[in-house]
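S.K.: These are the residues of each chain, in order.
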Amino acid sequence: MRSELEQVYRTHRRSLFALALSIAGSSELAEDAVHDAFVRLMKSSAVPTGRLDSYVFAAVRNSALDIGRRLQRSQSTTSLFGEPEIAADGEPACSLERAEENNQLRQAIDSLEPASREIVILRTFAELPMSEISQITGTPLKTVETRYRRALFVLEERLRGHVG
Amino acid sequence: MNIEQLEQKIRSLPLRTPSSDLDESLAELFHSENLPTTSVPVQSGSKPVQSGTHRFVWIAASLLAGLVAGFVIGSQQSDGLSAQAGGLSAQAGGQPGGQFAGSGGTGSRGPENQGLTGAAMGAESLEDRRNPTEIASNGASTGVGRDPQTAIFPETGFAEGIPTSIFLEAEKRGIARTAAARAAFWQEKTGESFDVRSHLADGRFDFCRLCHLADGS
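Here the protein sequences line up with chains D and Z, keeping their order. Quick note, the numbering used here runs 54 ahead of the 1-based positions in the first sequence. Quick note, the numbering used here runs 169 ahead of the 1-based positions in the second sequence.
Treat the hints with caution; some may be incorrect.
Stated by the list, open to error - Label pairs and their computed distance ranges (CB to CB):
{"no.": "1", "chain 1": "D", "residue 1": "Arg105", "chain 2": "Z", "residue 2": "Glu197", "range": "24 to 30 Å"}
{"no.": "2", "chain 1": "Z", "residue 1": "Glu202", "chain 2": "D", "residue 2": "Gln161", "range": "42 to 48 Å"}
{"no.": "3", "chain 1": "D", "residue 1": "Glu58", "chain 2": "Z", "residue 2": "Met170", "range": "18 to 24 Å"}
{"no.": "4", "chain 1": "D", "residue 1": "Phe207", "chain 2": "Z", "residue 2": "Ser181", "range": "28 to 34 Å"}
{"no.": "5", "chain 1": "D", "residue 1": "Ala100", "chain 2": "Z", "residue 2": "Pro183", "range": "19 to 25 Å"}
{"no.": "6", "chain 1": "D", "residue 1": "Thr65", "chain 2": "Z", "residue 2": "Ser201", "range": "18 to 24 Å"}
No wet-lab data here; the hints were simulated from the structure. Glycine is no exception: its CB is placed at the ideal position from the N, C-alpha and C atoms.
Build out the structure end to end from the sequences listed, making use of the hints.
M.R.: Okay, structure coming up:
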């Protein structure tokens, strides 16, 4: 179980952190949440019956909610995204217009309502199936699908507004 | 733009990366023989660790050792016991945060013991390194009728003994990687409010200064 957990962390490190960050609100607390979740998983004798990665995402989510509740935080205050990548020649890796569009998209994702934001993270970055996301978040499948579609719609609108 | 294109665009955004501190502490967790079920997980002779949790644990262990030294010296005035307690303090002093071992002890016992405890700490008799767990347990057993944890920082007016015992419990439960997590845990346990930004100016949280001093923040 230990090596499998390590593998999940290596594969989904950024997504796990993003999920925790989206809930806990700061990098420091998000790291605590991820760490706490893995400590609990390592100590636990329970054997997950489904996908281990979903199980880990659920543990991190619970841990982040726990920490967020203790500090009464519910909104993300730290962006989920890092700095734009810089090419080897020191120039931005994409055109100015593309960079601006990406910036808009980042801000739009950051400003999504938390319930939708976590679904976007789990779906697009962790690439989990909707059924798994439904289980992780304890939300009915139809609701997850609706929230996801609505979130994409909002994001597209924001981008269109930028382009227009 | 269709859904797939938008998803692809989202995926291309670089997610924020967790710090190497998290990577290191988890790597340590994945490869450790023993899961962190004890208050002081570091074995004697191991290299100093930099993570917040372990730094904190060493400070806590050092404080306890320093306090015990203060109690023993102050109560019994025995050179033999002083040397023994000093050895424990000095031992803790070999790790990050150990520099505070003496201050914890003297702070709890008053100025008359500062010289003795300070000298004991400066003895640095590190040949006889023992497991830091022993420091705490020996400290408790060599106490003089008082639980060492019940006398921490009595001069601050803060509920005696709460900080260390709570923070050690936080560590035990594996949620003490950062000051913020420990603060949240403390808040939960005591029901008192905690402001991260102003706590260093708040006399109730003198304990926190040690960690901040240790990492220069």
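S.K.: Now look at each hint and say whether the structure bears it out.
M.R.: Hint check:
1. Arg105/D <-> Glu197/Z: 24 to 30 Å: 26 Å, holds
2. Glu202/Z <-> Gln161/D: 42 to 48 Å: 46 Å, holds
3. Glu58/D <-> Met170/Z: 18 to 24 Å: Distance hint for Glu58/D, Met170/Z is violated at roughly 37 Å.
4. Phe207/D <-> Ser181/Z: 28 to 34 Å: 19 Å, violated
5. Ala100/D <-> Pro183/Z: 19 to 25 Å: 34 Å, violated
6. Thr65/D <-> Ser201/Z: 18 to 24 Å: Given a distance of about 21 Å, which is inside 18 to 24 Å, the answer is holds.
Hint check: violations occur at hints 3, 4, 5; the rest are consistent with the structure.
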